[in-house]
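**Student:** Dock the two chains into a complex; use the hints.
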Amino acid sequence: MEFTMKKPPIVQNSQSSLKRSFNLHIALIVVSIAAIILKAFTAVPDDATFTALDQAFKVFLMLAVGVGVSVIIELFYALSEGSTKKFESYEGFVDPINSGLLIALLLPTITPIYVLILAVGVGVYVGKLVFGGYGYYIFNPALVGVLFANVSFGSRLYVAGTPLELLKKSMSGETYQFENVMELFVGNYEAIAIGSTAAILLVFVMIYLIVTRVIDYRTVVAYLLTVGVISFIAGWVNGFLVDYVIVNMISGFTLFGAAFLVAESVSSPTSRETKYIYAVVIGIMMMLVRVLGNEAEGLVFAVLFGNMITPFINRTVKRSNKQGLIKTVSILAVSVILMGFVLGFLLQNRLIEAFASLGGMM
Amino acid sequence: MITEYSHYLEPMKVYIPITDDEYKIANVVVAGGDAVKIGQILAYKFKGKHKLPVVATVSGKVIEIVDKMDRFGKIVNHVVIENDEAYTLDDIPSYKDEVSTAEARKAIERAGLHKVDVDGLFTNLNFEEPIKHVVVSTVFVNEPFISTNYEYLLDNAPEIIDGVAILASAAATKDVTIVADKFLPSEVVDELGKAIVDHDLEEPIFVDTKKVKGWDYKVIQDITKEQLSPNVLDNGVLYVHANTCKMISDVVRKGFPVVSRNVAFTGDGLHKNVVMDVRVGTLLSEVVEELGGYIEQQELNLHIGNYLTGVQVPTDDFAITESVDAVHISIYDEVQEDVCIKCGECNDVCPAGILPQNIMDAELRAVGERIFDLHTDECVECGLCSYVCPSKINVLEWVRRAKRRVG
Ligand code: SF4
Ligand code: SF4
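Chains as they are written, first to last, in this note's numbering: chain F, 1 to 362; chain X, 1 to 407.
Just chain X, with the same shape it has in the complex (with noise of 0.2 Å):
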């Protein structure tokens, strides 16, 4: 249960990744002893052609350069800066009233918003391809690790839809669906509807979070109407969480880099679970510490982000970044897999309609061909076959073989 909303925004180092899973070379662009202000470009980093600067989180003086573990798991460049509390801001350019598409993507760009949201069937901010529908995703259910956050979607209304009407300005499309958790309470849904009518936009679908497995799965499918492909953006949709588009206003209208991210902070392996507002590049060592600490003599797991398709890591010596939308930390609870008892649910359950379990014979059996038929490549990694597994089997694990296998 989260049991209270903080935030901690004055690390005196911070840490900022210059590359990440997709973007994997750099090109650095400060030295250290340089000093640097807020949103100051610190590097570019390339996914072939394609650049995406890295900024300054906070302002002071580049100490170093140092490999260190970024949140994906993999040790990459990290630059260090020293925190010296002046908070002065670069000049970027700010935009009021309606956007055009250019001004949009280029703000968007130069703050270096590109991944965002990284779990699931959510999509980078990627301009590259025609984009034919916005979906914007106000649901904080994360269940069962994480409860609704009403209050930001409450405090943030009014940036938030702003920031989607911007992000389909960017897109090129009128085409938005904004998608809502049906037990919100009606001053949200009001807050929120006065915003959507000011932006004249549509009414959100709401959708009950809790009974419908894989719901985003079939809203977009509901959308689109047709087979999605695990990347959506193949399906012409964006599709990112309120977070991103608060984050997109922010970076518009005040000209302001994304400096901070709403980080959920969950799990018995913490004294206690908070919604905390960190700045970008503070080690999470730094924020568990301000947390009062984990709890003691446990072997413990660590999970970025959503826990069925997050990525689990040896370390908190790693700097959030604004893609971690949720750390996980729980004891470690040994619990034996059982056989597959062929109960069928994670077929059931499969929101994109293909058979895990039958997957998994075939993988056990190596049979690629089989593999191959049964549509493996359609999976987009949302792991709900093996949260219903009553056998507790990683199923999710077995399609992931079977993918590389016949892929």
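Here chain F stands alone, though its shape is the one from the complex (with noise of 0.2 Å):
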């Protein structure tokens, strides 16, 4: 009897990256039906011409055309490559609706549909496509749609009084209040994205996602730990602890963020210490734009660089190892807590201040 010498695939493990595909696919799509429900019932201004409907209309829309977009830009790659194979099944058109998803879901309700549609044309083009497609990619290619559309269109898609606004307003000195915490928790309010506002939800597709493998669960929590920590110190030193920390944690990209953009896998580092480092720094920027910048919201650049990086940390490791990732766990730990408090003394531009003291007590 003859056999095949083909290689067999060692199909035992029952892991699978399409499934993997999949589940990000049910989670993005979950993610997208809340947002056109929470628009419905997000209160408009008084002295608006649109209904609440209206707005949950548009959402959909957004979604609707960013899928669109992204499909027929990767089906015409695809025909001009004469590798139209894949799009013969679902499969093919997963990813491509992901990215579609994503990119409408980080852009605000208020965005123009054609900054949308230039916001995917460049995301997936230039993101994805350029590199090499799914898998072949440096750099977020959702994110590198939105970070253009921030980019050239800024002022189109300002939403004023979000939450991560009001509390950067708040630290110099004019007052406000939280109307209601709920709402940051359930996420019917106004916010830089239509996604990122369920808090509730979102924490939930988090942990849906780490347990089906899809996003690396020490990343997450790396990157959660390092916003609150730093969040948490930052407020203690300015005495708004509880304020500061829950408006970090949930509202703006954090969670968002955390569930679909920093453990992306593709675009992130490949050994433990490595991640760590990854995760550490994109909190560490994050935190930096939104205590230091001009934006609210500092995710979206904080991820691209850590993508940047990433090439180059993947270098720097040799192999991997306790003692090592005792070290880098320990050094990442020590940066974190300092960051806090370096960017709590600096919120009250009294950070060479406090090092004086500090100084004179030694």
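I should point out that these hints are in silico values taken from the structure, not numbers from a laboratory.
Predicted model, so just to flag it, every value in this text is computed and none were measured.
Be aware that one or more of the hints could be misleading.
Here are some of the chain X residues that sit facing chain F, going by a computed Cβ distance under 8 Å [claimed, not checked]:
| # | residue |
| --- | --- |
| 1 | Asn77 |
| 2 | Glu296 |
| 3 | Leu302 |
Below, in silico cross-link-like pairs of lysine-lysine (DSS-like), each with a Cα-Cα straight-line distance of 27 Å or less [stated by the list, open to error]:
| # | chain 1 | residue 1 | chain 2 | residue 2 |
| --- | --- | --- | --- | --- |
| 4 | F | Lys7 | X | Lys74 |
| 5 | X | Lys213 | F | Lys327 |
| 6 | X | Lys403 | X | Lys213 |
| 7 | F | Lys322 | X | Lys210 |
Even for Gly, the Cβ is constructed at its ideal location relative to N, Cα and C.
**Tutor:** Here it is as structure tokens:
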């Protein structure tokens, strides 16, 4: 009896990349549906010429356009390459749809549709296809699109009065009140992106994605811890403890990023130590922008920065062992805590003073 | 699932390969027409100056010497013996009670016992270099192919442990570690325990073989406290399986050469999965016939040994030898490799602590220097990186290529 010498793939392990894409797909669809529903229940200003239902429809339109544009670009690209085979089954559409949804979810309700189309075009083409498609890109394609939109059409995407912005203003002396902390958890308020508000849902989605191994729990936990610790210390130094931590943790892109962006596997590093470094760098960069930058939100930039240094940090590790891991984690923990204090004092423009007094004490 | 335990010990002909993948040159000492007894020397095989005997596993008449594929997939000379069904034994010395280092070595060598465990980290029975630790695995789990063979341990505990003691004597060390599966039924642990007490050996170490991937690497690393080389003999470790120890005991106590091997026949390409005691030299095709043949009309894959690191061969026309612990026949499953999604799971699982994904990346870019930097030579070829990959990439194959590039 003769046997084939074709190498059988090792299929005994039930994990599969395709399944992971599907799980991400499901998660994104759930978040998209939630975004539409939430908008229908978000109060509109009294003087507005539109109703909440109009807004919900706008969100639906954005998601549909995002998906449509992304799929069309991928299809055209495949046609020009003569490799349309993968589009014969639904599997081929999963990743293009995911990219389209992600970009739409990362933009606010007021986004003009042409801006969305451009963002998806840039994200999918420049961010993904140019690099060779899924699995080969260096920068998270969705964020490339969103960054492009923010840089080029920033004023058209500006949403006033988001929780992070309020928080920032309050630091510089203006007083404000959160009307409803509950809203922050449920997500029926106007924010910098249509997908980023439903905090409770995002936590569940994040857990789902971790359990199905779509995202690596280590990256997510390290990132959330970094944001948490820095905002805790910075908030404490400034006497804003509770508000500061809550707003930083559950509004803005913090949770959305944890679920979909920070631990996205293709554009993040591949070994234990580097995953921690990557996550902490992103957390710190994001808090830096939030505290010091002009923008209220810094995640888009922070993740892209993380993507940028990924090839470099991938190259710094030679092997992974316990001692190295412990060393890396301790250095990272110390940096995060230090960063919390530095940012806390910077917020009050008191950094130099604080260091001086520290010197005096010693 | 293994559903049966049986034996196949009376083949009409046996085919004995006279070389292996290390001892590549041989000198045949019998000729066609000679009558031979079980255990009689048929040939000597050489590696450099070192020589080992090749022995008969049935009594009968030597018919011819033919070229045939061996279990490593190479075409080599085989001595064909026709079984006279008398099973007369050649006169081989046996030993009682305490066995000295010299006696143990001599007996093991006379029986041609050298290369028994070939997969993974297992080592040959090689006593040329000083040995500091003897490690014996009693774990039969070779997930996901082979279920645990408790019966074998239960039936043969005294012989196995006796073999361990003889092996320790041959290796001239008292440092013996027996590794057992955490999920062993208590009666098996009791049996092993009794024998261990009789021989004054250390308690076994229990490992959770289901959870810890690459557990043997970790156990051996804990013992030696050094970075392991791909061949742990270089670390002064002799690492064999319980099966081998049973063979050693038989060889030394009974003067009985290794005539049979406990082989697991598994996979969805067979009608039933069994563990079988097979006479060394029996053709696989004959055994499979006994098992009811193959599933029909499919492209099948045939693997010898551990499915991650074993050898894939194109035909079942080869002889089972003492180093065949498992044969896996599966329906060929065309699954596309996906692109690497950089999940890093291969890096996490590597027991050697190196980074196969990064090595693969360096190999793709053909940067030899980086491959060198990444300690590629420390890969022990356990295959776990290929096993965990969600994209079904044969990562180990890339690591092997990288090794060849710099090696
Ligand atoms: S690189 Fe792969 S085969 Fe080599 S030791 Fe690591 S996990 Fe095992
Ligand atoms: S396990 Fe597979 S997909 Fe994941 S990093 Fe390794 S090679 Fe890439």
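**Student:** Are any of the numbered hints broken by this structure? If so, which, sorted upward?
**Tutor:** As far as the earlier hints go, 1 and 2 are violated by this structure, in ascending order.
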